[in-house]
Amino acid sequence: MSVDAPARTLNVALVGNPNTGKSTLFNALSGIRQKTGNYPGVTVEKKHGSFTHKGQKVELIDLPGTYSLAPRSPDEMVTVDVLLGRQANETKPNAVMVIVDASNLERNLYIVSQVKELGLPTVVALNMGDIARDKGISVDVIQLSQRLGVPIVATQANRRGGLDQLRDTIVSLLDSDSIPVESPFPEEFRDKVGQLHAKLQEHDEQSTRYLAERLLLDTSGYLEKELTSGGKELHNWIVESRNQLAELGQPVPAIEAISRYKWVQEVLDGIVTREATRKVTLSDRIDRILTNRIGGTIFFIFIMTLMFQAVFSDLVAGNLMGYIEGFFEIIAGFVDASLADGALKSLLIDGVIAGVGGVLVFLPQICILFFFIAILEDCGYLARAAYLMDRLFSKIGLSGKSFIPLLSSFACAIPGIMAARVIENRRDRLITILVAPLMSCSARMPVYVLLTAAFIPDETIGGVLSLHTLVMLSMYLLGILAAVGVAFVLRRTILPGETPPFVMELPSYKFPSISGVLMVMVEKGWAFVKRAGTLIFAMTVIVWALSYFPRDEEAATAPFAEEIAQLETQLESASDEEAAQIEHRLAEINNQIDGELLRGSFLGMAGHWIEPVVRPLGWDWKIGSAAIASFPAREVIISTMGVLYNLGGEEDEESAPLRETIKEAKWAGTDENVFNIPVALSIMVFFALCAQCAATLAVIKRETNSWRWPIFTFVYMTVLAYVGAMITYQVSALVFLS
Amino acid sequence: MSKLSQLSVGQEAVIASIDASSVAAVRLMEMGMTPGCSVKMIGSAPFGDPLEVEIRGYHLSLRKTEADLVELVS
Chain A
1 MSVDAPARTL
11 NVALVGNPNT
21 GKSTLFNALS
31 GIRQKTGNYP
41 GVTVEKKHGS
51 FTHKGQKVEL
61 IDLPGTYSLA
71 PRSPDEMVTV
81 DVLLGRQANE
91 TKPNAVMVIV
101 DASNLERNLY
111 IVSQVKELGL
121 PTVVALNMGD
131 IARDKGISVD
141 VIQLSQRLGV
151 PIVATQANRR
161 GGLDQLRDTI
171 VSLLDSDSIP
181 VESPFPEEFR
191 DKVGQLHAKL
201 QEHDEQSTRY
211 LAERLLLDTS
221 GYLEKELTSG
231 GKELHNWIVE
241 SRNQLAELGQ
251 PVPAIEAISR
261 YKWVQEVLDG
271 IVTREATRKV
281 TLSDRIDRIL
291 TNRIGGTIFF
301 IFIMTLMFQA
311 VFSDLVAGNL
321 MGYIEGFFEI
331 IAGFVDASLA
341 DGALKSLLID
351 GVIAGVGGVL
361 VFLPQICILF
371 FFIAILEDCG
381 YLARAAYLMD
391 RLFSKIGLSG
401 KSFIPLLSSF
411 ACAIPGIMAA
421 RVIENRRDRL
431 ITILVAPLMS
441 CSARMPVYVL
451 LTAAFIPDET
461 IGGVLSLHTL
471 VMLSMYLLGI
481 LAAVGVAFVL
491 RRTILPGETP
501 PFVMELPSYK
511 FPSISGVLMV
521 MVEKGWAFVK
531 RAGTLIFAMT
541 VIVWALSYFP
551 RDEEAATAPF
561 AEEIAQLETQ
571 LESASDEEAA
581 QIEHRLAEIN
591 NQIDGELLRG
601 SFLGMAGHWI
611 EPVVRPLGWD
621 WKIGSAAIAS
631 FPAREVIIST
641 MGVLYNLGGE
651 EDEESAPLRE
661 TIKEAKWAGT
671 DENVFNIPVA
681 LSIMVFFALC
691 AQCAATLAVI
701 KRETNSWRWP
711 IFTFVYMTVL
721 AYVGAMITYQ
731 VSALVFLS
Chain B
1 MSKLSQLSVG
11 QEAVIASIDA
21 SSVAAVRLME
31 MGMTPGCSVK
41 MIGSAPFGDP
51 LEVEIRGYHL
61 SLRKTEADLV
71 ELVS
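As you go down the protein sequences, you meet chains A and B in turn.
Position 655 (the first sequence) corresponds to 655 in the UniProt record's numbering; numbering is contiguous.
Position 64 (the second sequence) corresponds to 64 in the UniProt record's numbering; numbering is contiguous.
Calculated directly from the structure, the hints in this document are not laboratory data.
Take the hints with a grain of salt, since some may be wrong.
From chain B, some residues computed to sit far from chain A (all C-beta separations above 10 Å) [as the list claims (entries may be wrong)]:
hint	residue
1	S2
2	V14
3	I42
4	E71
Calculated lysine-lysine pairs in the DSSO-like style (CA-CA distance at most 27 Å, straight line) [what the hints assert, rightly or not]:
hint	chain 1	residue 1	chain 2	residue 2
5	A	K232	A	K199
6	A	K47	A	K510
7	A	K395	A	K46
8	B	K3	A	K262
9	A	K47	A	K35
10	A	K47	A	K530
11	A	K47	A	K92
12	A	K199	A	K225
13	A	K395	B	K3
14	A	K510	B	K3
15	A	K395	B	K64
16	A	K35	A	K92
17	B	K40	B	K64
18	A	K35	A	K46
19	B	K3	A	K232
All residues carry an ideal CB built from backbone N, CA and C; glycine is no exception.
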């Protein structure tokens, strides 16, 4: 390419091993000019960023961290497709930047060897030099650059070091030619690849030499299915070629690792020096304790307790949540004062503020949880947590990598499901996503608190364990056990397959980058706010409309019209004491009218309609309506019950009147209580297992890129919840009511 | 011939071969477990599985079933 070619955009793909600081470098280079999305059909995240340097615009594509460019699944294929310009709606990169860990060059150069075979202009960012120095490793960068035949820039991503030089070098790639393709493979292998490439081109002129090589190496059969029309003749040729190569001492696929690591050793020979005795680093010393059988287990329990304490205690999250609640109360008060009674006011207060506010209240918990997870991930502990937990998870057919997503789900399933991205095996990731909503998230808490406080006797077992605590704990355990069971069943039914290998790097510990941690926290928090503002908003408006229309105020007010008029006249001449009584009575009437209106609403009608269905659970139509209303977000049940039991919608789980009223509620025309211990337990079990969160289902849709999985989740969880609640009611009725 | 899974903590050995027929073996080789390379046992998780080894200057964890694929030079 000539230097005076017209200005064009430089598209640079970022490639590199996980834990090399790739994302940090991407963030540092592109700043806030980033866009995140998903590729259709797979769960690979699409991250674009850009910067302008010396008048040259540079577009960056951040590809998922990977150890190798050998695709074995649709997710891994995306990376290769982007690099080869085969990915739809993605510009073919005209340069590649490989980020390598200077303290771990031997393994990191493996992917450099694969990238070089693509022939694109390449720059290597040599990151994490500080850790290399700690380990007593020094690298002759000039020599390394000469041997690799590509420019190298030493960077310090977490301190923004070397960025300018890196930008200079990236921009200069525009003027560089493609690099000569250099294969580390033996000649016989290269010949076979050449022959296969020629054969592939007979069918498809676009096919590249790189894919031909991958096809020959991929014994799993994935690429063959993906790339060729599957001709028997071609398949036989490939199998025959592999046999011939094996006879020549070049067995496929082992030959790739052998050839590439041999090349890596030649490249590094004499230019990387280590101190004679390997230094025992601080990281090694920390690890001796943290992955130790006893010390490691104790620390693990300690750090998890600390995290949950921060998420659930009043000290941090509780106070912040109080401020958010207060904020929405002020807004509600303002709307209440400035609007006349009517549909609009009801929509704003009962619908939007109650619904969206009820969800946004969990923002502090989500931010705190992500703050912890980001720190643990950044410093390298999360890999250890997965390592420690792998044995337990492998019993249900998952791996330790599912631990973090499921842990996050105790605060909220949404970030938990997003955290499942760290699992590279597609099946494992899917199962983790499908069971994550069973973890008892913070939105279930109000339901548990209300019903436990109202119906479970405040007694202790053996003078120590409170029955209340026991019931709450059982609900959390129920979710975990259900998740274990569902994962176990899914593995053996609709998502079968070999247990994927657990081969994971345990990176060196490092000090977390504060800006990176805060960025993750803000990013996740904002994503949550956005969902609350869009989907939850829409759903609450719908539920509100169903509970508001059709509205015959006259009919509802008529039975009380006389009494109201009378009371209002009395009020004018009443003493203070009498006035209080009259106002109390008026409020009671208002609540009864509200209840009557709700009973006549579409929601109330639906409640009556499903009553036969919820009878086996011990529920009346009001509980049924409340359950329906809380399908978009389970928190809604508290305010719906408040309205349904004639108390107005301003109830919360600690409201004594609601607790007392539901205790007193009777089946229509009888003396029989609606609520008792079996009913309370059955409601709690239902809420513990049911998929009552539209936002979670929306995230499942987004993360799996298919409607199939959110629908599946909704159906299986609803069935589970119904059956679970029915068994709970029927069994506990035998115990408590006989 | 002994296997990587049989190595005791702190012991170091050289890899002779890897049973390349499984997907896990390809992963192991990509991560640097190739014949001739030396590997050191660091320890295991609390339940005895997975294992932690040092190879090519970094730490790698793998399950015993995967470590069984790796034959060592005796």
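Evaluated hints:
With a closest Cβ-Cβ approach of about 20 Å to chain A, S2(B) is found to remain outside the 10 Å limit, as its non-interface label requires. Remark: the non-interface label on V14(B) is consistent with the geometry, its nearest Cβ contact in chain A lying 14 Å away (cut-off 10 Å). Not every beta carbon of chain A lies more than 10 Å from that of I42(B), the smallest distance being close to 8 Å; the non-interface claim is violated. No beta-carbon of chain A comes within 10 Å of the beta-carbon of E71(B); the shortest separation is about 13 Å.
Restraint check: the Cα-Cα separation between K232(A) and K199(A) comes to about 13 Å, which is no more than 27 Å; the hinted pair holds. This hinted pair checks out: K47(A) and K510(A) have alpha carbons roughly 25 Å apart, not beyond 27 Å. Under the criterion of a C-alpha separation no larger than 27 Å, the hint pairing K395(A) with K46(A) is inconsistent with the structure, at around 33 Å. Taking the CA atoms of K3(B) and K262(A), the gap is about 23 Å. The hint holds against a cut of 27 Å.
Simply put, K47(A) and K35(A) have alpha-carbon atoms about 6 Å apart, close enough for the 27 Å limit, and the pair holds. In summary, the hint linking K47(A) to K530(A) is supported, as the alpha carbons are separated by about 19 Å, within the 27 Å threshold. Of the pairs offered as hints, the one joining K47(A) and K92(A) holds, with about 15 Å between alpha carbons and a cut-off of 27 Å not exceeded. With a C-alpha separation of about 16 Å, the suggested pair K199(A) and K225(A) falls inside the 27 Å cut-off, and the hint holds.
With a C-alpha separation of about 24 Å, the suggested pair K395(A) and K3(B) falls inside the 27 Å cut-off, and the hint holds. Using a Cα cut-off of 27 Å, the hinted pair K510(A) and K3(B) is violated, with the two alpha carbons roughly 33 Å apart. Under the criterion of a C-alpha separation no larger than 27 Å, the hint pairing K395(A) with K64(B) is consistent with the structure, at around 14 Å. Distance check on the hinted pair: K35(A) and K92(A) sit about 18 Å apart at the alpha-carbon level, within 27 Å; holds.
Annotation: proposed proximity of K40(B) to K64(B) holds, straight-line Cα distance about 15 Å (limit 27 Å). The straight-line distance between the Cα atoms of K35(A) and K46(A) is roughly 8 Å, inside the 27 Å bound, and the hint therefore holds. Proximity of K3(B) to K232(A) is assessed by CA-CA distance (about 38 Å); at most 27 Å being required, the pair is judged violated.
Consistency with the previously given hints fails for numbers 3, 7, 14 and 19, ordered from lowest to highest.
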